[in-house]
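Peer 1: Residue strings, one per chain:
Number of protein chains: 2
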Amino acid sequence: MKEFHVVGIGNAMVDILAHAPEEFLEQNGVEKGIMQLIDMDRAVELYSSIGPAREISGGSAANTIAGIAHLGGRTAYVGKVKDDQLGEIFAHDLRAQGATYETRMAPKSEVAETGRCIVLVTPDGERSMNTYLGVTEHLSPTDIDTDQIARSEWIYLEGYRFDGPESHEAFAVAIEAAKSGGARVALTLSDPFCVERHRDAFRAMISDHVDLLFANRAEIMSMYLTDDFEEALSRGAADVDVLACTESEKGAHILSDDDRWHAPAIPTDIKDATGAGDLFAGAFLWGVTHGHGLETAGRMGCVAASEVISHIGARPEADLRALFQKHGLI
Amino acid sequence: MKEFHVVGIGNAMVDILAHAPEEFLEQNGVEKGIMQLIDMDRAVELYSSIGPAREISGGSAANTIAGIAHLGGRTAYVGKVKDDQLGEIFAHDLRAQGATYETRMAPKSEVAETGRCIVLVTPDGERSMNTYLGVTEHLSPTDIDTDQIARSEWIYLEGYRFDGPESHEAFAVAIEAAKSGGARVALTLSDPFCVERHRDAFRAMISDHVDLLFANRAEIMSMYLTDDFEEALSRGAADVDVLACTESEKGAHILSDDDRWHAPAIPTDIKDATGAGDLFAGAFLWGVTHGHGLETAGRMGCVAASEVISHIGARPEADLRALFQKHGLI
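Residue numbers (the working numbering), protein chains in the order written: chain D, 19 to 348; chain X, 19 to 348.
These are calculated hints, taken from the structure and not from any lab test.
You may find that some hints are simply not true.
Since the list gives no way to pick one copy over another, a pair counts as held whenever it fits inside one copy or between any two copies.
The list that follows gives simulated cross-link-like pairs (lysine to any residue, SDA-like), each with its CA atoms no further than 25 Å apart [unchecked claim]:
id	residue 1	residue 2
1	K344	D142
2	K50	A114
3	K50	E144
4	K344	P39
5	K344	Q54
6	K126	D101
7	K268	R235
8	K50	A336
9	K126	E63
10	K344	H37
11	K344	P141
12	K289	D337
13	K268	L243
14	K197	G269
15	K268	Q166
16	K289	A219
17	K50	H110
18	K126	R60
Bear in mind the structure is a predicted one, so any value in this text is a computation, not a measurement.
Using the sequences and the hints, build the whole thing.
Peer 2: Now the structure itself:
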């Protein structure tokens, strides 16, 4: 038995969540439903314009790892924060959830701060993300603990981490450690515009190294430059062992070799869509590392996604195991 | 017309809200339902023991001011934060709500940090507060803008501010400015143990200067050292123009001279009792500064308290004016 079920690598950040009317997005140049990278000046300007907010730890892969830990899985997380109050909050929340997190901590003298994501939630529950990466941008190959990765069954790589000067090298080191240590590789495409920025690097990694690919409809179509969702699914499935592709209220499609399953979405009152994909991935990975089949894992993903969009914040609040029981999945 | 309806003076802090089972309180020496002062070491120790949390701006008088501002009242707040990330969050959330807040900012070189309150919410919705005052403890007479107070109809003083080396002097300066500038004085007793620590100072201030006193059942009985609630109410009412005393699910009692009204509590599913008294006071003060009678103001207080305990965090989320309309109060 390996020490960890999943080691996740991602951009460490704290979410600053505020409600905003549709008009606010237009007036402030925020594009709806996606993640935009912003610099510190823009972060300060945008923050001064938004309404009262609340701060809840986020970061895509960190949410996924928190979800797996919440379910009782053994997890570790790799991502960089600064030795500041937001960094402390991020580290606390992950550890308090039961995940191992050896902070790659940037010192107080570092100018950049802990990353943050200003998440604007419109009345329809959709989230529009504005990310100041801060120190998390500088995760480098030396921050990767290759021994830790070898002690894990899976590594989970966050697509957003393709942004950043040494990101690709850091992922290469992690993948090499996974391959030589017998860990399988999962990747999430994260965002259609992130795919746009790094399509070639994504493609090379997917076809050469990725065992399990997470994506949503927009991301997979951007990946394969097609308007045809079915074509994108087929091409994705051909590149990896397992493709798990979410399609919002239409649920998720799981493809592996010639098999294909559909997991229905669980209807809920959407308060805040932040973290839907992250928790889908978390529950899915918990399922596959705990002896469940791909179809069940997909259903678990949909249950967890439904829970996380029913409240503000991208980390689980209700007991996911109890929800899995309620839906007859465990 | 004066520039402000209410200027509030209180302990500026960010709440760190986490769910905790009853056993956690016992095991960690947290007394249920009250506010305990803790030092930084204890704050670090307790924080490392609690589960994942979320950060939402708090501070008793600041919540009250946020409530009045949310309703459209003209407000200002006086309280001290440090030039750190939590200080920034506190200042942002108050200003974003529409309140004037000229931060009395302690510099980065200051060792103490922005105050925080670790709020543990048990399954029954009760909150147990553990407060590290940090720099807010050092609000001094020089931080009081006497001119600003003179430009207000009311000042609202937070009982918790009786803790701190120069607190009493700061309040004396504020009261003097109010009296000479024609502002009336409201005070909240804040907490029974806070009353215990400073009973004589509270009593002197109440009988000499306070026009409107806010308290709950436990606080007013502690104030007058009696087990007889009715006696405590009578004695309180004799000391001030108006006494507004809340009694949890039994609603609120409003006493003025020989008149007395009862405002019923609005039943709700209690998620987190944090801020109930603060929002009662906010809505009450909004009512009395906007031409409503004391009975209506009391009813408004109960509606606002009911809203704030129906979710996590001590600042209003739903539209309070719409709720007042729904209850036929405006």
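Peer 1: Is it within, between, both, or neither for K289 and D337, if the alpha carbons may be no more than 25 Å apart?
Peer 2: Classified as both; 18 Å inside a copy, 16 Å across copies.
Peer 1: Reference check for the pair K50 and A114, CA-CA at most 25 Å: within, between, both, or neither?
Peer 2: between (32 Å within a copy, 22 Å between copies)
Peer 1: Measure nothing new, just compare the shortest in-copy and cross-copy C-alpha distances for K344 and P39 to 25 Å and report within, between, both or neither.
Peer 2: For K344 and P39, only the inter-copy Cα distance (23 Å) is at most 25 Å; the intra-copy one is 35 Å.
Peer 1: Measure nothing new, just compare the shortest in-copy and cross-copy C-alpha distances for K289 and A219 to 25 Å and report within, between, both or neither.
Peer 2: Classified as neither: same-chain Cα gap 35 Å, cross-chain 47 Å, threshold 25 Å.
Peer 1: Within, between, both or neither: how does the pair K268, Q166 come out at a Cα-Cα threshold of 25 Å?
Peer 2: Answer is neither: 37 Å inside a copy and 57 Å across each miss the 25 Å cutoff.
Peer 1: Which holds for K126 with E63 at a C-alpha limit of 25 Å: within a copy, between copies, both or neither?
Peer 2: both (23 Å within a copy, 21 Å between copies)
Peer 1: One pair to classify: K344 and Q54, alpha carbons no more than 25 Å apart. Within, between, both, or neither?
Peer 2: Close neither inside one copy (37 Å) nor across copies (40 Å); limit 25 Å.
Peer 1: How would you classify K126 and R60 at a CA-CA limit of 25 Å: within, between, both, or neither?
Peer 2: Both, since 22 Å and 23 Å are each at most 25 Å.
Peer 1: Check K344 against P141 for me: Cα-Cα at most 25 Å, and say if that holds within a copy, between copies, both or neither.
Peer 2: The answer is between: 21 Å across copies meets 25 Å, while 29 Å in one copy does not.
Peer 1: For the identical chains here, do K126 and D101 meet the 25 Å Cα criterion within one copy, between copies, both, or neither?
Peer 2: Both, since 5 Å and 14 Å are each at most 25 Å.
Peer 1: For K268 and R235, with the copy left unspecified, which applies at a CA distance of at most 25 Å: within, between, both, or neither?
Peer 2: Only inside one copy: K268 and R235 sit 10 Å apart there, 53 Å across copies, limit 25 Å.
Peer 1: Please sort K50 with A336 into within, between, both or neither, judging by C-alpha distance up to 25 Å.
Peer 2: Result: close only across copies, 23 Å inter versus 28 Å intra.
Consistency note: the structure conflicts with the earlier hints numbered 5, 14, 15 and 16.
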